[in-house]
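Let's have the full structure, built from the sequences with the hints guiding it.
There are 2 protein chains.
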Amino acid sequence: MEETKRTELSTLGEFGLINRIKGNFTLNNKESVKGIGDDTAVLEYSDSEYVLLSTDMLAESVHFDLSYVPLRHLGYKAVAVNVSDIAAMNGIPKQIVVSLALSNKFSVEALDELYLGIEAACKNYKIDLVGGDTTSSRSGLIINIAVTGTVKKEEITYRSTANVGDLICVTGDLGGAFTGLQILEREKQVYLTNPDMQPDLEGKDYIVQKQLRPEARMDIVHEFKELKLIPTSMIDVSDGLASELLHICKQSVKGAVIYDDKLPIDNLAYETATEFNLDPITCILNGGEDYELLFTIKQEDFEKIKNHADISVIGHIVDKAKGVNLMTKSGNAYPVTAQGWVHF
Amino acid sequence: MEETKRTELSTLGEFGLINRIKGNFTLNNKESVKGIGDDTAVLEYSDSEYVLLSTDMLAESVHFDLSYVPLRHLGYKAVAVNVSDIAAMNGIPKQIVVSLALSNKFSVEALDELYLGIEAACKNYKIDLVGGDTTSSRSGLIINIAVTGTVKKEEITYRSTANVGDLICVTGDLGGAFTGLQILEREKQVYLTNPDMQPDLEGKDYIVQKQLRPEARMDIVHEFKELKLIPTSMIDVSDGLASELLHICKQSVKGAVIYDDKLPIDNLAYETATEFNLDPITCILNGGEDYELLFTIKQEDFEKIKNHADISVIGHIVDKAKGVNLMTKSGNAYPVTAQGWVHF
Chain L
143 MEETKRTELS TLGEFGLINR IKGNFTLNNK ESVKGIGDDT AVLEYSDSEY
193 VLLSTDMLAE SVHFDLSYVP LRHLGYKAVA VNVSDIAAMN GIPKQIVVSL
243 ALSNKFSVEA LDELYLGIEA ACKNYKIDLV GGDTTSSRSG LIINIAVTGT
293 VKKEEITYRS TANVGDLICV TGDLGGAFTG LQILEREKQV YLTNPDMQPD
343 LEGKDYIVQK QLRPEARMDI VHEFKELKLI PTSMIDVSDG LASELLHICK
393 QSVKGAVIYD DKLPIDNLAY ETATEFNLDP ITCILNGGED YELLFTIKQE
443 DFEKIKNHAD ISVIGHIVDK AKGVNLMTKS GNAYPVTAQG WVHF
Chain Y
143 MEETKRTELS TLGEFGLINR IKGNFTLNNK ESVKGIGDDT AVLEYSDSEY
193 VLLSTDMLAE SVHFDLSYVP LRHLGYKAVA VNVSDIAAMN GIPKQIVVSL
243 ALSNKFSVEA LDELYLGIEA ACKNYKIDLV GGDTTSSRSG LIINIAVTGT
293 VKKEEITYRS TANVGDLICV TGDLGGAFTG LQILEREKQV YLTNPDMQPD
343 LEGKDYIVQK QLRPEARMDI VHEFKELKLI PTSMIDVSDG LASELLHICK
393 QSVKGAVIYD DKLPIDNLAY ETATEFNLDP ITCILNGGED YELLFTIKQE
443 DFEKIKNHAD ISVIGHIVDK AKGVNLMTKS GNAYPVTAQG WVHF
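Chains L and Y supply the protein sequences, listed in that same order.
Take the position in the first sequence, starting the count at 1, then add 142; the result is the number in the numbering used here.
Take the position in the second sequence, starting the count at 1, then add 142; the result is the number in the numbering used here.
Among the hints, a few may not be true.
Examples of chain L residues lying across from chain Y (beta carbon under 10 Å, computed) [as the list claims (entries may be wrong)]:
no. : residue
1   : 149
2   : 159
3   : 160
4   : 189
5   : 201
6   : 239
7   : 292
8   : 443
9   : 467
10  : 470
11  : 472
12  : 473
It should be emphasised that the hints constitute simulated quantities derived from the structure, not laboratory data.
For every residue, glycine included, the Cβ atom is placed at its ideal position computed from N, Cα and C.
Spelled out as structure tokens, the structure:
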């Protein structure tokens with residue numbers, strides 16, 4: 143072998159990696175409307191609707207820790223995070239294919255538990271499991287799911303279509319999954335130190351559940367259709383609010399202002415952040431895995447959502463030149479920055 | 143934790159596992175025509191054609207050994223094996239999404255090599271890469287690809303539709319990938335014993351290539367369309383001829399007779415089998431990864447393929463009661479049995 147250059151993957155980062163891959167591929171088939179760069183690919187197989195296609199891989203020790211993640215919840219979550227990508231396109235999920243690599247530490251009963259979670263998610267989201275692949279692995283568990291969905295052509299929501307003046311909205315509350323993870327990690331350490339101790343999750347149910355068994359916000363997608371509301375742009379919050387807002391701004395070539403006192407955080411997440419000496423706003427901006435929807439709407443659509451208990455207006459879209467800023471109550475502006483999750 | 147029963151995955155086998163999963167899932171969406179049980183799922187998003195969806199996962203140390211598999215070939219093969227599933231439905235591949243789990247032993251340059259192979263396959267098979275996911279893993283490389291394709295409704299070929307009297311055909315030759323693997327494994331052992339030795343692959347190009355960089359037989363699928371030939375059933379040969387023939391017979395509720403002197407084997411594969419004291423017929427029946435197409439046609443379609451240099455007629459379909467048998471030149475009948483690949 144000749145001597146070759148070696149560049150560490152860690153120097154690229156997640157988005158550098160995506161851009162490097164994307165750069166080499168062009169779309170050539172007429173059925174390929176949109177490739178890499180949004181929550182899902184967009185395919186055209188009929189006149190009236192698009193088919194959506196996305197895939198997500200979860201790896202043991204990277205995305206989940208089986209010392210506190212029940213396999214049934216993991217199966218559910220693996221489906222939910224894929225459905226969340228379909229939701230972010232304003233689509234309805236239809237089918238999944240599930241690939242598993244698992245080592246022989248897993249028994250048939252363990253596999254059954256995992257599939258019970260997958261089955262529960264399929265029922266809840268009205269999806270059919272239509273195929274998959276299973277192989278052994280030398281270490282641990284890897285789950286890959288590919289999901290399909292459909293959306294009427296006139297209802298699809300991309301990341302790149304926010305306009306100046308649009309209101310920025312988010313569903314539910316943020317920071318819960320991240321603070322839930324802190325609790326689970328703490329109790330794991332306690333247990334490792336003293337295996338006789340029982341984990342103390344008392345009163346932390348909501349945020350622990352947000353971490354272990356998140357829901358894709360299909361309820362909101364269905365409500366949009368009832369309200370005849372089509373967001374001007376949308377993305378799901380998997381990597382933290384900051385990262386997702388920057389995606390929308392970058393792809394829409396716009397700026398944004400969001401207000402710290404408008405950011406929705408659950409009381410329990412707030413208290414838990416404080417308990418861990420974490421800034422709650424940082425948990426919202428950079429904590430991940432909430433799987434809420436971040437979207438923009440025209441100002442005239444405000445009436446449709448203003449009384450919605452589960453939607454918060456957190457700011458608005460501005461010119462690109464104004465940047466992406468967080469305004470504090472005291473009137474200071476801080477640029478929003480984010481890296482997403484860095485695995486390598 | 144209460145005491146729970148532990149059943150080893152190895153007790154199920156690959157097909158036991160598939161049946162166990164399949165048993166818990168039903169199809170509920172009108173767009174889901176066919177789920178688990180054929181080469182791909184079959185989805186209905188338009189009036190005139192079906193959308194095909196399949197997924198395949200390749201794991202290091204299980205499906206490939208990076209000590210002799212070049213990453214570029216691996217990328218190509220990972221796409222080809224997925225395309226082969228689309229070919230087996232008589233379909234045209236359209237898009238792929240690629241998920242990778244890789245440890246930090248892989249450099250950016252290694253990743254580039256892998257994607258060069260993926261890109262070459264996309265060009266060759268006229269597929270668009272439209273998305274994916276990349277994560278770190280604690281050990282080794284896992285590649286999952288999901289592929290979509292289309293097929294006119296009247297041209298789809300299932301496994302379950304072979305009829306008594308149909309001719310059984312296979313493309314190309316069989317046993318090459320398996321004998322190629324024997325060569326590569328032998329040279330690896332030689333190298334491990336004496337790292338100064340160069341691998342001796344002299345004259346073995348064809349079978350080594352069949353193992354390292356197989357082609358999906360899209361050429362044949364396109365020829366079918368030119369010949370206006372629609373096979374009565376079809377499957378791709380990934381696990382060995384025996385296993386695939388049994389799939390067709392079981393799902394069609396039929397039997398079959400195949401003739402040992404009709405089985406296509408390349409001279410080099412034959413010689414190599416002999417060199418390793420392997421029975422060439424066993425290499426054909428139980429060696430895997432040839433990615434040829436096994437299909438059945440009506441007798442009246444024989445004229446269309448009888449002079450085709452790359453299609454062999456190896457037998458015919460009979461009543462289920464007659465079983466699935468291999469007839470030898472000497473007139474003896476041996477029941478065909480197979481397990482597919484057992485990973486666990």
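Evaluation of the provided hints:
Of the supplied interface hints, the one on residue 149 of chain L holds, with its beta-carbon coming within about 4 Å of a beta-carbon of chain Y, less than 10 Å. Because the smallest distance between the Cβ of residue 159 of chain L and any Cβ of chain Y comes to about 6 Å, under 10 Å, the interface hint for this residue holds. Because the closest C-beta pair between residue 160 of chain L and chain Y is about 8 Å apart, less than 10 Å, the hint holds. With a cut of 10 Å, the hint placing residue 189 of chain L at the interface with chain Y holds, because the nearest CB-to-CB distance is about 8 Å.
Among the interface hints, the one on residue 201 of chain L holds; its C-beta lies about 5 Å from the nearest C-beta in chain Y, closer than the 10 Å criterion. Given the 10 Å rule on beta carbons, the hint for residue 239 of chain L holds: about 4 Å separates it from the nearest Cβ of chain Y. Interface restraint check: residue 292 of chain L against chain Y, minimum CB-CB distance 7 Å, threshold 10 Å, status holds. A least Cβ separation of about 29 Å between residue 443 of chain L and chain Y goes past the 10 Å threshold, and the interface hint is therefore violated.
Taking 10 Å as the C-beta cut-off, the interface hint given for residue 467 of chain L is violated, the closest approach to chain Y being about 31 Å. Violation of the interface hint for residue 470 of chain L is found here, the shortest Cβ-Cβ separation to chain Y being roughly 35 Å, above the 10 Å cut-off. Residue-level restraint check for residue 472 of chain L is violated (minimum Cβ-Cβ distance to chain Y is 40 Å; threshold 10 Å). Against a cut-off of 10 Å between C-beta atoms, the interface hint on residue 473 of chain L is violated, since the closest Cβ of chain Y lies about 41 Å away.
In the structure shown, a violation is registered for the earlier hints numbered 8, 9, 10, 11, 12, in ascending order.
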